[in-house]
Amino acid sequence: MSKITGSQAIIKCLQEEGVELLFGYPGGAVIELYDELCKSGIRHILVRHEQGAVHAADGFARATGKVGVALLTSGPGATNGVTGIATAYCDSIPIVVLTGQVPRALIGNDAFQEVDIVGITRPCTKHNYLVNNPEDLVPVLREAFYLAASGRPGPVLVDLPKDIIASMISYPPKKKEPIKMQTYQPNTDPHPGQVEKACRACIKAKRPVLYVGGGVILSNSNEELTQLARRLNIPVTMTLMGLGGFPGTDHLSLGMLGMHGSYAANMSVAKSDLLIAVGSRFDDRVTGRLDAFAPLAKIIHIDIDPTSISKNVGVDIPIVADCKLALQAMNCWLDKSSEYKAEEVTELHRPWVEQVKEWDAKHPLAYMESGEIIKPQYVIEKLHELTGGNAIITTEVGQNQMWAAQFYKFNHPRRLLTSGGLGTMGYGLPAAIGAQMAFPEATVIDVAGDGSIQMNIQELATARECGAPVKIAILNNNYLGMVRQWQELFYNRHYASTVMEVTPDFVALAQAYGAVGLRAKTKAEVVPVIKEALATKNLVIMDFSIHREEGVFPMVPAGKATTEMLLV
Amino acid sequence: MKHTLSVLLRNRPGALSRVTGLFSGRCFNIESLCVAETFDPQVSCLTVVTHGEASIIEQVTKQLHKLIDVIKVNDVSEGEFVEREMALIRVKAEAGTRAEVLRIIDIFRGKVVDVSPTSYALEVTGSESKIKAVIDILRPMGIKEIVRTGKIAMARAPKK
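Protein sequence lines correspond, in order, to chains A and B. So in the numbering used here, spot 145 of the first sequence is number 1580, and the numbers just go up one at a time. So in the numbering used here, spot 19 of the second sequence is number 20, and the numbers just go up one at a time.
Take these hints with a grain of salt, some might be off.
What the hints assert, rightly or not - What follows is a list of derived Cβ distance ranges for each label pair:
1) A:S1605 x B:G53: 48 to 58 Å
2) A:P1613 x B:R110: 52 to 62 Å
3) B:C28 x A:A1546: 33 to 43 Å
4) A:P1992 x B:T150: 26 to 36 Å
5) B:E124 x A:E1570: 51 to 61 Å
6) A:N1622 x B:G53: 49 to 59 Å
7) B:G97 x A:L1541: 50 to 60 Å
8) B:S56 x A:E1782: 46 to 56 Å
9) B:D115 x A:A1546: 36 to 46 Å
10) B:D115 x A:N1747: 44 to 54 Å
11) B:H52 x A:M1803: 32 to 42 Å
Read the hints as simulated data drawn from the structure, not as lab findings. Treat the numbers as computed from the prediction; the structure is a model and nothing was measured. Where a beta carbon is used, it is the ideal one built from N, C-alpha and C, also for glycine.
Bound-form chain B, shown alone (with noise of 0.2 Å):
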């Protein structure tokens, strides 16, 4: 079972290193990571994927936890929640393909970041499924690099 956990954590040199050094240390696994700093400049945040049983997911929580510059750690998957991920995808574009590529970076909202004459470089946010779907109908055209950053997430406001 997939888990998206939201760590604030103080923003101090080695903090990151004490997360990531619990989940190699401990065989917890980690599927996407991504953290920067918060509107308080002394916290970050840091979103974490990660998958097991609930057992398993109580202690990654519990040991998170304990960790001194932890501050929080909320497991938004419990609720509702929103989560994005962005994916920079740079795509074959020659002489027969450009124009095909541009309706399909439009009909995903996406944006191009940077042209060169056999190519196009691609910026698309959304879901994880949403980037896989982008992806699965680029490839045909000649994806020449991607580089992901991993999801972010927030629980959603209560709606009363």
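In isolation and in its complexed conformation, chain A is listed as follows (with noise of 0.2 Å):
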């Protein structure tokens, strides 16, 4: 058999793989992948900062639920893209980083860009690999990407020895069947004893939620899910990542629950006899208090990740199996039984969703008008009434991820592309990019704060590089609004560091990239303003003065149950 050189293989593996786009930085230890890579048909992206590389492939993987891909140079390079490493993996996305390395020789000897990054990338990927030899290239690179993909989703990074890249290799065909792991063997599979429990609390329950996460979104099992709500009229809350798994302007809908949730999400999770919860982790920001958290009710808890299950609060019905055949075979299970007889249930069910409502109307989700200034809620509800609930959001973090999250009602899935576990600013603009490059014809819009924005301002650049009329609705209030808002709640609103006394003039900035700039600064001017944007065809910065000490409401402060809620 012919050799051909490392960097021609891995270009080879990623031709296999369908990656027709990834993201990088270029740097001494991949000059050579490089060189080959720009001579392949895949699309390579220049981003600005390494970090902006991964978010953007994260973004995509988001966008589309293919394999986001990022290439990076050995030590800076490498260490640049960790955050977001760590961003994909505490959601759950997959993507494969690539990363040079100093040649096999000078591993060890403190050489010039070298750093460990398999080790300091260890509890922050699904898995990760240092190409020791040649001919581990090929079927290491072919099991990160399974590994990226099955079971729960996760970033994975291969570390790639400048002289493995430029070694020859015999090229491994590609076998037909999957790949199998002795030691990796993700349970898709419902056990139908447990499916059947599921399906019968369901229907027995008087006061049922259905608690959506991020799983929903991953499998692709949004419609399941909905059937599967709507015979059984139980109402609907998602967490942050699970916006869009449920259509948020249906009426069993709840919107989100947590700490920034809705008042009828929370008070229904904390007086349900049945929390069925699907793809979701029971996290602290949802849980608030834990002996507080849904204390009447029996759980049901869906997950492919068995480390999930029981984690932080006991459940009685666990399911470990992909969130997609869950549903499906609880569907089936509803299809065939004589148990069920839809308007039975929809009947019992009836004064619970009843109640329900009652709490929505009591207390929406909502805010204080106040005149000529511009409220951050309202610019989020102009966004999703101007693009039709159709365009891809994302945020950065904070309020204006919090806002996007209440406001804007997300009807299908991978609408929304947040960072919802590690939190991190700087993650909407590239990961926009990402999402565009994805859906050139999509209108991608980045909610962002004044603060968070400037993370990875960077990345305008690289927006303009590769044509990618993001649009990014800067919500300004001059300040680090979140942590503002805590401290005006809790520390006697003693602001300390998050007034931003020194802002650009976004206006300006947008134009000096080569974008558009547009500001609002009062309320008249905002629809205008959106409607310009959307009608461009390049980048467009908006720049909303926002009410500066708007707050994000309902709340429930740290430590407390989710029905201590601060209410607008």
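Since each chain comes alone in its own frame, lean on the hints to assemble the complex.
What follows is the structure, encoded as structure tokens:
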């Protein structure tokens, strides 16, 4: 068999995996790979900082459901990617990160741009590899893609020593059968007995609630979930990661739960007698004080990761499975069972649904109007209205993220791309570029704050260069707003280091990058600015001067029960 | 509650570090840890002694299982098992005590593995409590150095 170089083998592998697009930044250790990459048909997006490359790959993965790929050089290139990798890890996003490494002979010698990136990323990757033998290169890359996308997805890093990239190898043909690993066999099929128990509990419960997380998005099971919720007449609340898993405008949707969840969502969980957790992980931002979380409820938990089950909250009916298969199995059981009578169940749950609606009517998501001053929630409402709810929204982290989650009613999955677990400021812009490259015709909006947008503002150049007409909506209050809100509520309004005394002129900044800058200072200017932005084919920054001390409500103070909400 | 976990893992660079990193990163406790190749050179066996409530041990076990390099996790302390630990103890042995040290080590079925004019190095094998008993009894003689292996364990074969 004729031999090819390591870099040719890597490119071939990427093509086999269907990679058409990757995000990266070159350097000494990967120069040879770049030489080959830029001769291949794979499109490379040159970012301006490696964190941006990993977030962009992550945004691409969230928007498409495919594995995102980032390529970084050794040393600082690799360490700059760590925040991006940890972000993807916390939200179970399938990405493969390729990093250059110094030649094998120099590893451990404190060589120039050498860092033990496999050691550094061990706790924030699903798995990682240092390729030590040329013949391992191709099998490792195949395994990396398989691991990233299967089971509970996550980031996989492959560290590639420079001499491996340059070595000559025989390319092993791809086998037809899927990869099998002795030590990794995620269980995807639900146990039929558990499915039956879960279904019976659902049709008997008087006050059931579906609590849906990112697993529903990752497993593309929104349709199965929607079918189940409607036929059983069960209200649905979603975590930040689960938004879009069930239509946000459906009458059974309670919106988000938890720290900034809706009154109806948190009350429903607190009073429910059956909580059906689907692809969610009982995160502290969802549960608040653990002993007061769903105290009256029996708990069904569907998750592909056994470690998620009974980690924080004891579970009565665990189902370790792919959410899609588990929900299909439940629907299938209901189709066949004589115990399930649609009208009876709908009637049984009707008083509960009415109760839930009463809570929603009593304290809907709301905000105080204040004349001509722009309210951030109003901006999000108008973004929703003027995009017909069809935009892909990325967010930064903080108040901007919560307002976007509360007021943009997501009806479809993979339309909200946000760093939920790690809470990474600076995520939104590069993720928006990743999503826009996947869907060039889509409207992609990064909802940002004036603080967080500056964390990866350099990616404006990337967006311009690759022609990604992302729309950035900065909710500008000259504060690090979320921390300021906590300081207002719990630290005697001592705004320690949360006042942004100098922020750039974002309109001028946009122009400096060859983008379009628009500004709205009054409520009346909001709609024209959004309309103009949406009609522009170029990258746009919309700078909204918002009410400075606006807060995110409802709010459950840290460590409190979720029923102890501070309301508007 | 103390648990002894026997973990089979792929004998690969970094595999041990994944296990120890998991314990430190999740604040699980390690009392002792022992690892070596099994009869299959591709596989290592790691014995780790940890303690915690049942729910913690359940998490430890599940999290270990989740590591890609881990093949099998078995809580041997759930059933009947044998455990052994070895200690090398250097103890003062001067004119007046040399004979007494030898008698003691004989009682515990230990061995002298190194001799100098002023000390003996002793090898003792057994359960944790036996090792502790030897150390307690030798302490008044003047222990100069102790090196212990940590525990290894094996589930007993079914009797039927």
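*asked:* Hint compliance check: list the failing hint numbers for this structure, sorted ascending.
replied: Hints 4, 5, 6, 8 and 11 are the ones this structure does not satisfy, whereas the remaining hints hold.
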